[in-house]
Amino acid sequence: MTASILTVDDSASLRMAIRIALTGAGYAVTEAVDGADGLAKATGTRFDMIVTDLNMPNMDGLEMIRALRQQPAQAGVPIIFLSTESDADMKAQAKAAGATGWLVKPFQPDQLIRVAQKVLGK
Amino acid sequence: MTEDPTATFRVEAGELLEQVEQGLLDLGHRLGDMALVNAVFRGLHTLKGSGAMFGFDALAAFTHHCESAFDRVRKGEVPATAELVSVILSARDHMAALVDGDAPQAEGDAILARLAAAVEAARGAGVTADAPAATQGWKLFFRLPADAMANGTNPLMLLDELRDLGEAEVRVRTDALPPLGTLVPNECHLGWDVTLRGDITREAIEDVFIFVMDDMTLEIAPLGDVAPAEPVVVEEAPAAAPVEAAAPVAAAAGGPPAAAQPAVENVRVPADRLDALMDRVGELVIAQSRLSQLANNRHDLLLRSVTEDIERLSGELRDTMMVLRMVPVSSLFGRFRRLIHDLARETGKAIELQTSGETTEVDKTVIERLFDPLVHIIRNSCDHGLEAPADRIAAGKSETGLVKLSAHQAGGEVLITIVDDGRGIDRERVRAKGEANGLIEPGQQLADEELLGLIFHPGFSTAAQVTNLSGRGVGMDVVKRTIESLRGSISVASETGKGSTITLRIPLTLAIIEGLLVRVGESRYVLPLSAVEECLELSLEDDLRSRGRSLITLRDRLVPFVRLRDLFETGTRPDPHQKIVVVATGRERVGLVVDQIIGNHQTVIKSLSAFHRGVGSFSGATILGDGNVALILDVAQLVAMAQPREEMLRAAS
Numbered sequence: 005m006t007a008s009i010l011t012v013d014d015s016a017s018l019r020m021a022i023r024i025a026l027t028g029a030g031y032a033v034t035e036a037v038d039g040a041d042g043l044a045k046a047t048g049t050r051f052d053m054i055v056t057d058l059n060m061p062n063m064d065g066l067e068m069i070r071a072l073r074q075q076p077a078q079a080g081v082p083i084i085f086l087s088t089e090s091d092a093d094m095k096a097q098a099k100a101a102g103a104t105g106w107l108v109k110p111f112q113p114d115q116l117i118r119v120a121q122k123v124l125g126k
Numbered sequence: 103m104t105e106d107p108t109a110t111f112r113v114e115a116g117e118l119l120e121q122v123e124q125g126l127l128d129l130g131h132r133l134g135d136m137a138l139v140n141a142v143f144r145g146l147h148t149l150k151g152s153g154a155m156f157g158f159d160a161l162a163a164f165t166h167h168c169e170s171a172f173d174r175v176r177k178g179e180v181p182a183t184a185e186l187v188s189v190i191l192s193a194r195d196h197m198a199a200l201v202d203g204d205a206p207q208a209e210g211d212a213i214l215a216r217l218a219a220a221v222e223a224a225r226g227a228g229v230t231a232d233a234p235a236a237t238q239g240w241k242l243f244f245r246l247p248a249d250a251m252a253n254g255t256n257p258l259m260l261l262d263e264l265r266d267l268g269e270a271e272v273r274v275r276t277d278a279l280p281p282l283g284t285l286v287p288n289e290c291h292l293g294w295d296v297t298l299r300g301d302i303t304r305e306a307i308e309d310v311f312i313f314v315m316d317d318m319t320l321e322i323a324p325l326g327d328v329a330p331a332e333p334v335v336v337e338e339a340p341a342a343a344p345v346e347a348a349a350p351v352a353a354a355a356g357g358p359p360a361a362a363q364p365a366v367e368n369v370r371v372p373a374d375r376l377d378a379l380m381d382r383v384g385e386l387v388i389a390q391s392r393l394s395q396l397a398n399n400r401h402d403l404l405l406r407s408v409t410e411d412i413e414r415l416s417g418e419l420r421d422t423m424m425v426l427r428m429v430p431v432s433s434l435f436g437r438f439r440r441l442i443h444d445l446a447r448e449t450g451k452a453i454e455l456q457t458s459g460e461t462t463e464v465d466k467t468v469i470e471r472l473f474d475p476l477v478h479i480i481r482n483s484c485d486h487g488l489e490a491p492a493d494r495i496a497a498g499k500s501e502t503g504l505v506k507l508s509a510h511q512a513g514g515e516v517l518i519t520i521v522d523d524g525r526g527i528d529r530e531r532v533r534a535k536g537e538a539n540g541l542i543e544p545g546q547q548l549a550d551e552e553l554l555g556l557i558f559h560p561g562f563s564t565a566a567q568v569t570n571l572s573g574r575g576v577g578m579d580v581v582k583r584t585i586e587s588l589r590g591s592i593s594v595a596s597e598t599g600k601g602s603t604i605t606l607r608i609p610l611t612l613a614i615i616e617g618l619l620v621r622v623g624e625s626r627y628v629l630p631l632s633a634v635e636e637c638l639e640l641s642l643e644d645d646l647r648s649r650g651r652s653l654i655t656l657r658d659r660l661v662p663f664v665r666l667r668d669l670f671e672t673g674t675r676p677d678p679h680q681k682i683v684v685v686a687t688g689r690e691r692v693g694l695v696v697d698q699i700i701g702n703h704q705t706v707i708k709s710l711s712a713f714h715r716g717v718g719s720f721s722g723a724t725i726l727g728d729g730n731v732a733l734i735l736d737v738a739q740l741v742a743m744a745q746p747r748e749e750m751l752r753a754a755s
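Protein sequences, first through last, are from chains A and B.
The first sequence begins at 5 in our numbering and counts up by one.
The second sequence begins at 103 in our numbering and counts up by one.
Chain B extracted, bound-state conformation:
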């Protein structure tokens, strides 16, 4: 394993910054909570200390100011205020940028100026030591405190150090030695007179005693040609640290956190190693299924029993592997507290965030990719959904708007819901906009679900004007596409005056899917089972009738279909009994005509190379039990491809 403290520091700094952020957000609600103040202080403090150690000097210098400000809060000199918390939050963002190495100096200066304004108090000047003069030598006497040896100070080492400085003449003083009967052997009662010759600074001598200087007797006098001048008695000499005045001791100790952490040992593993392991496990599963096929063709009982063992083990290994990549959604939800805080400030609305189901676990990749869509949805809720405080009171609601974020697992999926108690979606406006955009006919009858579904169309925004919060060129259509690229789905429900609910259904993992294995021509393909609605025969009658216009009637609805044989240009004769696999994304359905449906297939997804990624229609590949490769069809793409055709045909029919 390569040891790179800088990389480790970056990871750790990220965690510290997150802790600081959470602490600050909590502190925003409970300004008097000293435990939180201490927690934030500790985070900043560690960040500064390790930052400087690992060469992040700009970070250390910047953080130092914030830490100092918080130190004053900690010591009760300055009360925590909402503004202070807010400034330190923006400072935290700047620190994060400094860790990444791309932070404009001017921004940092502006934050520090705000900080200084927030903490209107001057910093005490540090104590500086007097400049010493070098002489040709020194005469000194020292006596250690009685407990010095028990506490780890070895006088012999100190004498050695003095000898290292220059020519030394040492004489012991035994005048303070107690009688033998009362002598405690590990107490130190001796004193030493030392004459040091050489070009030695006073500082160098004081350095030797730096650890014990506060409570020992140390007399240092220049070795002059004159008789020794009156010895300088150093009492409570200025130590390396500037002593801050009037620090209330009670508030100072940074004590342990209130709750002891449970003793679970964690190992941090880079994600790419997990991916590599996942790959190997995937290949093992494939090799195992080849083995199973071979064993099934032979009548060797021993071989079969071994094969079954390997089958079970590789299955278990795969399950364990999946769990390794799972992380609780709390890591995702936690990040939204900050968003809500910022949104509340920007909109002037009072917003409360409630979260539940944080322990629900989802694949790490999924979590990462959910962040942007959720940001957009939450922004929408706060910006469009929640009313201004005055309007809320007028509507008989509490002044504070509520956004609820929850997660729970249902089978192989996770349901994430975002609920707000705002004004709800204005159906009339949606309808008007839909008509204006030509998405629906004026006066067209639509089921409520369909009407609300219009917001997922590209270029659709119900905001009367685009604010700086929402509508940053990202619409719900992008959210929908992102969710679908995760093989998930999104739905919306809304009650006028009461609020809206957005529900996301996301698969637990992206690495393995349940697939339907089909054959088109001589090749095999995999369709994600979650998208498959039903399988039908393409009767000769239907086939003939639909000639030229690929539409079938499915329970009184026209469903377009795509002949994969044509699409892939197989060049083989079609099977006499072709099948249609009806797949759906959201409300849109498409039939895919295949030659044969082979059956269910659990698939370890291999991603396509960068070179092939641009090829539409395929979202990945997998290796079949016999070692052949099957491409995984991208249902969303195929549906998108078929839809314009459908509309064209509908218009024609």
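If we strip away everything but chain A, and leave its shape as in the complex, we get:
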């Protein structure tokens, strides 16, 4: 069974890199350009995993995570946020908002795949 992953990032190049990595590992990828788009795309469906940036226009990753966790249908969906080493308190906020885990930018494609395997199982 192919796991479906939603990636939310306002950087086109990052989205492309993430998509190439994840589809290469056999996952199905849906892309969203910011938190509002991500929220809209996740509402009404259930992805197996969500990977999101934090700093984004329109709706940032934190708000999106909070909004998603309020939907009963999204309970238990792993949400991985992309963080950088310099935003330690952002990490705490994201965790409090209901994020499952994080990946520190910059990351290599295989790190992303390891994280996906970690939360989705192999």
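Where hints are given, some of them may not hold.
As the list claims (entries may be wrong) - In silico lysine to any residue, SDA-like type, Cα no more than 20 Å apart, as pairs:
hint: 1; chain 1: B; residue 1: LYS466; chain 2: B; residue 2: GLU308
hint: 2; chain 1: B; residue 1: LYS241; chain 2: B; residue 2: ARG273
hint: 3; chain 1: A; residue 1: LYS99; chain 2: B; residue 2: ALA248
hint: 4; chain 1: A; residue 1: LYS99; chain 2: B; residue 2: ARG273
hint: 5; chain 1: A; residue 1: LYS99; chain 2: B; residue 2: ASP249
hint: 6; chain 1: A; residue 1: LYS99; chain 2: B; residue 2: GLU308
hint: 7; chain 1: A; residue 1: LYS99; chain 2: B; residue 2: GLU289
hint: 8; chain 1: B; residue 1: LYS506; chain 2: B; residue 2: VAL477
Hints in this document: simulated from the structure, not taken from any laboratory.
The structure presented is a predicted model; accordingly, all values stated were derived computationally and were not measured.
Got chain A sorted already, so can you dock chain B onto it with the hints?
Chain B only, in chain A's frame:
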């Protein structure tokens, strides 16, 4: 479509750098604006993150320092200062060079040294984890926070991961399980005792719990031959990130930008694809006009009606195509804010830039080619035009000099004006210089317009001395030539003591021109209609009288003319009623003698091959309705060719 993340990154990095630059320039004016600080920080941050991802390690490392500096500003530890903004601006330039891949290391180091001096504060040392020792195994106990499962952590996966590390013996602890009546099914109350055997590092175990370690219970003890030592309780264990001390939370969140962007979807298309599309549309227009010609020769009503439909559609398609290439001049104007900032620093003058009409749209190619001329004009305005602050005050002006840049559309042209409120052009100096250069006779009467026009002559500079700002081997003559190569024109007006205005008139697009189709011998040529002033008969009388000296009198002015038949060596007999098309660039006029004027012709320009580009007199080619090729005459070249002849003849007459 080929997917090249590196290329996409380069484009994106360019945009980020531009954002950072604009943010910094704004910040220079409003040092306390935290929204701007955050915007700049975000730009640097993204640049660093994606830079490292796409293998731009030098860029990432360099940007990291700037980002750290800005992080401190963001957190209120360091105030934003003009010097800091200025250093980061030069750092931005270095980053741009790093993206392009040609940045000298020494330059980067010098900037970082300046940066360090600007932010006089030491960076806190990161927290490093203790080196773990491997043993033959571990005994551990873990209990997840109650909301872990709702938040996407699956304990079964964690157990699987532990099993992957080595031989594992798992026992569940149900002691914390609430009574069934109060049990919330997706809360996690179980704990697990795990005995792991194998050569496993403590880090590997901690890695399994990395996402939940901050708020879970995790006890890890080495599996010794001795009884289990007292368990190590990991509370708020050092996570992957170094924890920075005393970070005020209020300033930290990078929040969304103040104004939500309107939901217009944009697609980025490489320019060469647009060019290819443009070519196809151009060919379609040509094919359509051949079809129209054929249909007109037949009395087939159905064919005609189809032809008319195609004519309308191809016309619309061409119009749509033109709009695709249009970009607002704001992309051009935005780049001058930086220039003004640098000029103000270099000259020690206070300069304000005002822009208007940024939404005016112009063909992208035109925009690109306008950049250098405008840089030169703005430099001139700031360097020669604006006075030093003390002089301005003495002249009763405000201390800050003003440069106004505006654009607006007028028909098929865009007018761009550059206005400064400086001292104006010194006419006496222009005259003296003109006389010294032999451009005018001493004491020669000149209209004001003509006098000011002298500054466009080659080798003309009114600056008493060449500074490092202007006069870098580029004069207004080059500016003028560039503008004319865009089929535009440039004019200058100036009032002593009040300032100068330079006006550029530029066509909206370079791809299509309105042309005048003429015949010379057996070939047809196109003249850009914008350059055509009038058409006259070359009377036999004029022809005879002018023999040997190709000059005609046009409203009391002598106008030289060029016989295109001779120039192109047609080898055919001239038509009995030859015509003169008078064309002009700026104030210079030249008559071009042709055999026949065929009429207006809207022309899709095809550029000449690299091999033919050196051939003077032609600026391009077009394909006519009947499939034949017509060359487009380069008016500026023809005028330049005729002028020396005119001067020679004038001297003789």
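Numbers of unmet hints, in rising order:
The structure conflicts with hints 1, 4, although it agrees with all the remaining ones.
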